[in-house]
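We have chain L already, so just place chain W on it with the hints.
Protein chains: 2
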Amino acid sequence: MQSRYFTLIDYPEGTPARELFDLRTRELPELGDGEIRVRNTWLSVDPYMRGRMSGVKTYVDPFIAGEPLEGAAVGEVIESRNTRLPAGTRVSHMAGWRDVAQLPGDAVHPLPELDVPDSAFLGVLGMPGMTAWTGLNRIAAMREGDNVLVSAAAGAVGSLAVQLARARGGKGKVVGIAGAPEKLEWLASLGVEPVSYRGKDAGELAADLHKACPEGFDVVYENVGGACLEAALDNLRIGARIAICGLIDSYNATAPAPGPSNLAKLLFNRARMEGFIVTDHWDHYPHFLTTVGPLVAGGEITYRETVEEGLEATPDAFLKLFDGSNTGKMLVKL
Amino acid sequence: MQSRYFTLIDYPEGTPARELFDLRTRELPELGDGEIRVRNTWLSVDPYMRGRMSGVKTYVDPFIAGEPLEGAAVGEVIESRNTRLPAGTRVSHMAGWRDVAQLPGDAVHPLPELDVPDSAFLGVLGMPGMTAWTGLNRIAAMREGDNVLVSAAAGAVGSLAVQLARARGGKGKVVGIAGAPEKLEWLASLGVEPVSYRGKDAGELAADLHKACPEGFDVVYENVGGACLEAALDNLRIGARIAICGLIDSYNATAPAPGPSNLAKLLFNRARMEGFIVTDHWDHYPHFLTTVGPLVAGGEITYRETVEEGLEATPDAFLKLFDGSNTGKMLVKL
Numbered sequence: 001m002q003s004r005y006f007t008l009i010d011y012p013e014g015t016p017a018r019e020l021f022d023l024r025t026r027e028l029p030e031l032g033d034g035e036i037r038v039r040n041t042w043l044s045v046d047p048y049m050r051g052r053m054s055g056v057k058t059y060v061d062p063f064i065a066g067e068p069l070e071g072a073a074v075g076e077v078i079e080s081r082n083t084r085l086p087a088g089t090r091v092s093h094m095a096g097w098r099d100v101a102q103l104p105g106d107a108v109h110p111l112p113e114l115d116v117p118d119s120a121f122l123g124v125l126g127m128p129g130m131t132a133w134t135g136l137n138r139i140a141a142m143r144e145g146d147n148v149l150v151s152a153a154a155g156a157v158g159s160l161a162v163q164l165a166r167a168r169g170g171k172g173k174v175v176g177i178a179g180a181p182e183k184l185e186w187l188a189s190l191g192v193e194p195v196s197y198r199g200k201d202a203g204e205l206a207a208d209l210h211k212a213c214p215e216g217f218d219v220v221y222e223n224v225g226g227a228c229l230e231a232a233l234d235n236l237r238i239g240a241r242i243a244i245c246g247l248i249d250s251y252n253a254t255a256p257a258p259g260p261s262n263l264a265k266l267l268f269n270r271a272r273m274e275g276f277i278v279t280d281h282w283d284h285y286p287h288f289l290t291t292v293g294p295l296v297a298g299g300e301i302t303y304r305e306t307v308e309e310g311l312e313a314t315p316d317a318f319l320k321l322f323d324g325s326n327t328g329k330m331l332v333k334l
Numbered sequence: 001m002q003s004r005y006f007t008l009i010d011y012p013e014g015t016p017a018r019e020l021f022d023l024r025t026r027e028l029p030e031l032g033d034g035e036i037r038v039r040n041t042w043l044s045v046d047p048y049m050r051g052r053m054s055g056v057k058t059y060v061d062p063f064i065a066g067e068p069l070e071g072a073a074v075g076e077v078i079e080s081r082n083t084r085l086p087a088g089t090r091v092s093h094m095a096g097w098r099d100v101a102q103l104p105g106d107a108v109h110p111l112p113e114l115d116v117p118d119s120a121f122l123g124v125l126g127m128p129g130m131t132a133w134t135g136l137n138r139i140a141a142m143r144e145g146d147n148v149l150v151s152a153a154a155g156a157v158g159s160l161a162v163q164l165a166r167a168r169g170g171k172g173k174v175v176g177i178a179g180a181p182e183k184l185e186w187l188a189s190l191g192v193e194p195v196s197y198r199g200k201d202a203g204e205l206a207a208d209l210h211k212a213c214p215e216g217f218d219v220v221y222e223n224v225g226g227a228c229l230e231a232a233l234d235n236l237r238i239g240a241r242i243a244i245c246g247l248i249d250s251y252n253a254t255a256p257a258p259g260p261s262n263l264a265k266l267l268f269n270r271a272r273m274e275g276f277i278v279t280d281h282w283d284h285y286p287h288f289l290t291t292v293g294p295l296v297a298g299g300e301i302t303y304r305e306t307v308e309e310g311l312e313a314t315p316d317a318f319l320k321l322f323d324g325s326n327t328g329k330m331l332v333k334l
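For the record, the sequence lines run as chains L and W.
When you number the first sequence by UniProt numbering, it's gap-free, plus one each residue, and the end is 334.
When you number the second sequence by UniProt numbering, it's gap-free, plus one each residue, and the end is 334.
The shape of chain L in the complex, shown without the other chains:
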């Protein structure tokens, strides 16, 4: 049996060129004992993958040029030499960017029994959702009544973060930063105060955040960095906690960009800024799933997906993450 997969032919500098992604085919070896073959139905593309394309170790191992790219995926077992995972089992795993994956059984997880579409386990109930939940609760220690700011608030992670903040209760405000008018409208429909970053420098964005929440923020969920972080630092309350989930603003930068000029606000406000990597917290995934899963199944937490069709579209879907054209989770449907 053959597998079609994407690989990098070289490590990109700056925004990756589409031509660096090469679609190849390889013959799969015979199934070993305990192994399974999965026909992927959904592939995930995520901003953190850019960090794995630099050929240098950051917090995850780099992708190897010439080898299949990796990423979250869900699919159905089509052949099995593993009694725990008979053919027909729906599973999630990390062998994305390909149509058929061959894996040891312990590298996949059967999808939990929840009345949600399979694709939800790549987004709102998968790594992005777990990331939002972890940053708010385990890093920023969000409390009832906190004023919460989320950047990239209409993205896969941010859109769950704003809803979890809304669901937390209390009189706290939830403000979300996004760009496109339809994203801002969607945020407003979720009960989130939307603020556009478009055409604004850090000072102008800071002024608009102040208008949206004059008291300042207790919790900042930072996905972007750059002007968003600088504007957030200008709007902290005493004792604020900033969870640094991502800094997508800099992922394609070819030269180091200066950081925020107002770090002294951490001092004045006795504020904390902390980076985290969701995989460190994965032992809390079952707790996340029992907490957030029913809210998604019951429709109390909604989510959007931007879907590209067909394996061939995977690199294009990935590249769209960096121009702000996705709302909610960016996925590829096979």
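These are calculated hints, taken from the structure and not from any lab test.
One or more of the hints may lead you astray.
Chain W is nowhere near these chain L residues, computed Cβ spacing over 12 Å in every case [to be verified]:
no.	residue
1	G14
2	E27
3	G32
4	G51
5	T89
6	D118
7	E222
8	C245
9	N262
10	K265
11	R270
12	D280
13	P294
14	E309
Straight-line C-alpha distance at most 16 Å; calculated EDC-like pairs for lysine to aspartate or glutamate [claimed, not checked]:
no.	chain 1	residue 1	chain 2	residue 2
15	L	K57	W	D234
16	L	K173	L	D208
17	W	K333	W	E308
18	L	K333	L	E309
19	L	K265	W	D249
20	W	K173	W	D208
21	W	K333	W	D316
22	W	K265	L	D249
23	W	K57	L	D234
Built from N, CA and C at the ideal position, the CB exists for glycine as well.
Showing chain W alone in chain L's frame:
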């Protein structure tokens, strides 16, 4: 009775001009019930005072132009209408920058019974010492064996921080950043690995910190900001804690200076950076005093003072804080 005091005639921009500090005399009112008069013997000058000279509220109220400047001081009660504080009592208080202070009794603290010179209560056993102890223990949660980096390591706060880190035990390294050769020698004599920042950009300083401690740092005690902070961020271990005590590098800046370009290191290293203000932690001062006081009295923790003589020299002593010319605590002896 008269009091001679310094006041600001205007709020400085950038490095304060010496001429902005004006020595004036005022007649003290009659002693009210519960009040005392203190003849100051030692005055403290500290970097944080610069923040109070801007006419804007940061975390402390601004100094008021025309009114006496304030700051830590020790002295002796010379007149008293307070039975708790008879003449001859040695006290510490915040009415510095003057020779005679008139105060309500509850605004002063009798000096603790410890076999140390009075001036120690303005430095190693006063606010600077408490600041070092708080940052390491209560903010950065220093543990035995941690590798610790301290910037401005020969200053009033830094020199206690490096010694507390040394005293903590374990095999952890303690690295201190300073400039002048005699400061670097002093640090070495304390068992601290000294690194000079002079003539280096952030990249060069980062390389030297890596040489001094190739494993990276678990705890960073940051007094400076600028290149020191950027170099520290490049040398973090997983789970590092950065206590932001001060950012003296920027206190006299007239325009915002860009922040560190490598904040993503917080993310890769799941690291935390937290600002603090020692006054928030003052209820722990008795604990600090019983822990660190005996170490100072017994000579296990040493300290240096840079002393200027006479009330007239107070502004000069203050301004020297910003050109790196003091070793240890900067004081004025009256």
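Quiz item: Given the hinted pair K333 of chain L and E309 of chain L, is their alpha-carbon gap at most 16 Å?
Solution: Roughly 5 Å between the alpha carbons, so the hint for K333 of chain L and E309 of chain L holds.
Quiz prompt | Least C-beta distance from G14 of chain L to chain W larger than 12 Å | solution = 16 Å, holds
Practice problem: Grab the minimum beta-carbon distance between G51 of chain L and chain W and tell me whether it stays above 12 Å. | Solution: 9 Å, violated
Quiz item: Is the hinted pair K57 of chain W and D234 of chain L satisfied, with a Cα-Cα distance of at most 16 Å?
Solution: Within the cut-off at roughly 14 Å; holds.
Quiz item: Are all C-beta atoms of chain W more than 12 Å from that of N262 of chain L?
Solution: 7 Å, violated
Quiz prompt | Interface-negative label, D280 of chain L against chain W, beta-carbon threshold 12 Å | solution = Label violated. Min Cβ-Cβ 6 Å, cutoff 12 Å.
Quiz item: With d taken as the least Cβ-Cβ distance between K265 of chain L and chain W, does d exceed 12 Å?
Solution: Answer for K265 of chain L: violated, closest chain W Cβ roughly 8 Å.
Quiz prompt | Restraint check for K265 of chain L with D249 of chain W, where alpha carbons must lie at most 16 Å apart | solution = Roughly 14 Å separates the two Cα atoms, so the pair holds.
Quiz prompt | Distance rule for E27 of chain L, whose beta carbon must clear each one in chain W by more than 12 Å | solution = 37 Å, holds
Quiz item: Is the Cβ of G32 of chain L more than 12 Å away from each Cβ in chain W?
Solution: Non-interface label stands for G32 of chain L: nearest chain W Cβ at 34 Å, farther than 12 Å.
Practice problem: Quickly compare the C-alpha distance for K173 of chain L and D208 of chain L to 16 Å and report which way the hint goes. | Solution: 14 Å, holds
Quiz prompt | Beyond 12 Å from every chain W Cβ - status for D118 of chain L | solution = 30 Å, holds
Going through the hint list in order, the structure does not satisfy hints 4, 7, 8, 9, 10, 11 and 12.
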